[in-house]
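Add 1 to the 1-based position in the sequence shown for the numbering used here, that's all there is to it.
What the hints contain is simulated information worked out from the structure, not anything from laboratory work.
Any given hint might turn out to be false.
Said to hold, decoys possible - List time: in silico DSBU-like cross-link candidates among lysine-lysine, alpha-carbon distance up to 30 Å:
1. K258 with K394
2. K597 with K533
3. K120 with K517
4. K517 with K602
5. K404 with K393
6. K533 with K120
7. K346 with K120
8. K597 with K580
9. K242 with K346
10. K242 with K393
11. K517 with K547
12. K394 with K120
13. K602 with K45
14. K547 with K597
15. K242 with K580
16. K517 with K533
17. K602 with K547
18. K533 with K547
19. K597 with K45
20. K403 with K393
21. K517 with K394
22. K45 with K346
23. K45 with K596
24. K394 with K404
25. K45 with K403
26. K596 with K547
27. K580 with K596
28. K533 with K580
All figures in this text were calculated on a predicted structure; none of them were measured in a lab.
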Amino acid sequence: MSLSLLDISIIIAYIAGMIMLGFYISKKASKDLQSYFLGGNSMKWYYLGLSNASGMFDISGTMWTVSILFIYGLKSAWIPWLWPVWNQVFVFVYLAIWMRRSNTMTGAQWITFRFGDGKGARLSHIIIVTFAVVSVIGFIAYFFEGIGKFSTSILPWDLSMNIAGFHLSSERSYALILCILTTLYTMKGGMYSVVATEVLQFFIMTICAFIIGYVAYNAVTAEQINAVVPQGWNELFFGWKLDLDWSTTVIPSVNNKIESDGFGLFGLLFMMMLFKGIFASLAGPVPSYDMQRVLSTRKPSDAAKMSASTILVMYMPRYLMVASFAVLALVYIGPQLGGDIDFEKVLPMAISQFVPAGLKGLLLAGLLASFMGTFSAFVNAAPAYIVNDIYKKYINPNASNKKYIRLSVLSSLCLVMVGIIFGFNAASLTKLTLWITSALYGGYAASNVLKWIWWRFTGMGYFYGMLFGLLGSTIKLFYFPDIVDIYVFPLILLVSFIGCIIGTFITPLENREAVKAFYRQTRPWGFWGPIKREVMAEDAGFVPNKDFGRDMFNIVTGIVWQMAQVVIPIYFMIRENYKALAWAGVFLLTTYLLKKCWWNKLSEADVTVPAKSERPATTVETL
């Protein structure tokens, strides 16, 4: 990509500014671990929401989303259900409230809160730390792969070199440099650096999204789009088969990509995504940056608002940008390249051809900073597990805050190095995405669904469920790499459930008092009969959670609300104006329903139940 001096200057100045900002505010992070990893629980929910939204603007995800819209058209709106994207709806409706009530620092510390401190709880504590570290390493590899491809497409310098007989491609060199720079300011500034840089970056990316939308809308007509896409490309709904035949278009090679993705039986894929998505969403967020932001909020209602604001502020601008680049690439780039397309480079190719000087530098700087922000969030999340949940808990509980923070810095560096090594061996963004979201999370779902809703579930059950799941996803990765990961999710989930049941019933319920304390403080719905009766007998004022029906209604409403924000900008960009208006009506209706049935009820989330009837109640805000 050719860049003007102005563009290069903007990119360098922007990245340097982000790094300096991270270092500038680092003093706040050096007080203690609570400040370093959670910002001292003092940040406003809307700042955390903007930061979370900015993290979802990451380069790797945006490149992938542009490529699937290019290939699958409107049906690509369903493919992120692989994650599933609507797990965020479960979080803002009720899970964020439950998590924040724990008043813990990490997902592993939460395990002790849930199961107590017996043998099973300690093993569960160790296994969730292991999962957190493995998942962060996987995401670092994913970001490393994405930023390398993006950088070589947009930056003009060839940085390939030979070091000690080892050839380092330009793609890898760029990825190494950006990962190292990001790691430096993240290690220095902790959560404060992450949030401050991501909030600034969010506003820049949103402005760029609307400018790119304006450029694309004026450069592409509906007739031009219809001339290059196959029949059914602009249809959202589908049958058993995908039925997109690109062989009659000027870009027939797209059929090869559909075949390699394994998405031809789209009806089966959708059923697997729905099945997987329900369990993954009930399990709650994995122990990474999303959970960390929930735990960073000031009170439970703020945690819910933060999670909802992430969807509200991010989806329409992001999908406006995605749709703009996709239609530009379809009309002007695809026909030129014919059969020789690396679909994961569609985004940088579109930027190269259609974004004017000056704006190009700002957009590229914003996308690079987006990578840095998301990468830094993961780099900041994982060391909390190593330092707080291993070193502080088991090795040296009385060390100074300075030593804990020093070890956090060292842990960040080691995790980044391991993630980069895996990144060197990454095959593609799609394969990494599918493994992380389907196989790896398949091993996470069973234990983490049961921990919320079943009173008899024990620490040993959690440990064996996670262990069986991790083993299953690892075997899939190394021995069956060619099978599409989403199709093995049910098998891994079943294996993990078997581990849960075996582990639960090989030992009696440990730490019954700890389970009662968890139920009393968190107040989940589910299968808590014996524990609920005991708590109500001890605390006459305790009121159990009766909101299951309302929560399920809000979840269905929230998923439709989120989907509307995905498809409206796509329909707008391809000139399906009546459909865009219809979905706009759906968006307004679901917004009204969520306001009435969810937002107006949030004040109830902060009401604290006393630990015992004879003890005075304290408000969550004072915790």
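A quick look at each hint next to the structure:
Between K258 and K394 the alpha-carbon distance is near 48 Å, which puts this suggested pair outside the 30 Å criterion. Among the hinted pairs, K597 with K533 is consistent with the structure: their alpha-carbon atoms are about 29 Å apart, no more than 30 Å. In summary, the hint linking K120 to K517 is supported, as the alpha carbons are separated by about 18 Å, within the 30 Å threshold. Between the alpha carbons of K517 and K602 the distance comes to roughly 25 Å, so the proposed pair stays at or under 30 Å and holds.
With a C-alpha separation of about 10 Å, the suggested pair K404 and K393 falls inside the 30 Å cut-off, and the hint holds. Among the hinted pairs, K533 with K120 is consistent with the structure: their alpha-carbon atoms are about 24 Å apart, no more than 30 Å. A threshold of 30 Å between alpha carbons decides the hint, and for K346 with K120 the separation of about 49 Å lies outside it, so the pair is violated. Between K597 and K580, the direct Cα distance comes to roughly 26 Å. Compliance with the 30 Å bound is thereby established for this hinted pair.
Taking the CA atoms of K242 and K346, the gap is about 27 Å. The hint holds against a cut of 30 Å. Pair hint K242 plus K393 does not hold up; C-alpha atoms about 53 Å apart against a cutoff of 30 Å. Restraint check for K517 and K547: the C-alpha separation of about 18 Å stays at or below 30 Å, so the hint holds. Between K394 and K120 the alpha-carbon distance is near 14 Å, which keeps this suggested pair within the 30 Å criterion.
This hinted pair checks out: K602 and K45 have alpha carbons roughly 20 Å apart, not beyond 30 Å. With a CA separation close to 18 Å, the supplied pair K547 and K597 stays within the 30 Å bound. Annotation: proposed proximity of K242 to K580 holds, straight-line Cα distance about 23 Å (limit 30 Å). For the hint linking K517 to K533, the alpha-carbon distance of about 8 Å falls within 30 Å, and the restraint holds.
For the given pair, K602 sits about 13 Å from K547 by alpha-carbon distance, which is consistent with the 30 Å threshold. For the given pair, K533 sits about 12 Å from K547 by alpha-carbon distance, which is consistent with the 30 Å threshold. Between the alpha carbons of K597 and K45 the distance comes to roughly 23 Å, so the proposed pair stays at or under 30 Å and holds. Distance hint between K403 and K393 is fulfilled; the C-alpha atoms sit about 13 Å from each other, no more than 30 Å.
A hinted pair counts as satisfied when its Cα atoms are at most 30 Å apart, and K517 with K394 qualifies at roughly 23 Å. A distance of roughly 37 Å separates the Cα atoms of K45 and K346; the hinted pair therefore is violated under the 30 Å criterion. For the proposed pair K45 and K596, the alpha carbon gap of about 20 Å is at most 30 Å, so the pair holds. Restraint check for K394 and K404: satisfied, since their Cα atoms lie roughly 14 Å apart, inside the 30 Å limit.
The straight-line distance between the Cα atoms of K45 and K403 is roughly 26 Å, inside the 30 Å bound, and the hint therefore holds. The straight-line distance between the Cα atoms of K596 and K547 is roughly 19 Å, inside the 30 Å bound, and the hint therefore holds. Distance check on the hinted pair: K580 and K596 sit about 24 Å apart at the alpha-carbon level, within 30 Å; holds. Note on K533 and K580: the hinted pairing is violated, with a Cα-Cα distance of about 48 Å set against a maximum of 30 Å.
Checked against the numbered hints above, the structure breaks hints 1, 7, 10, 22 and 28 and satisfies the rest.
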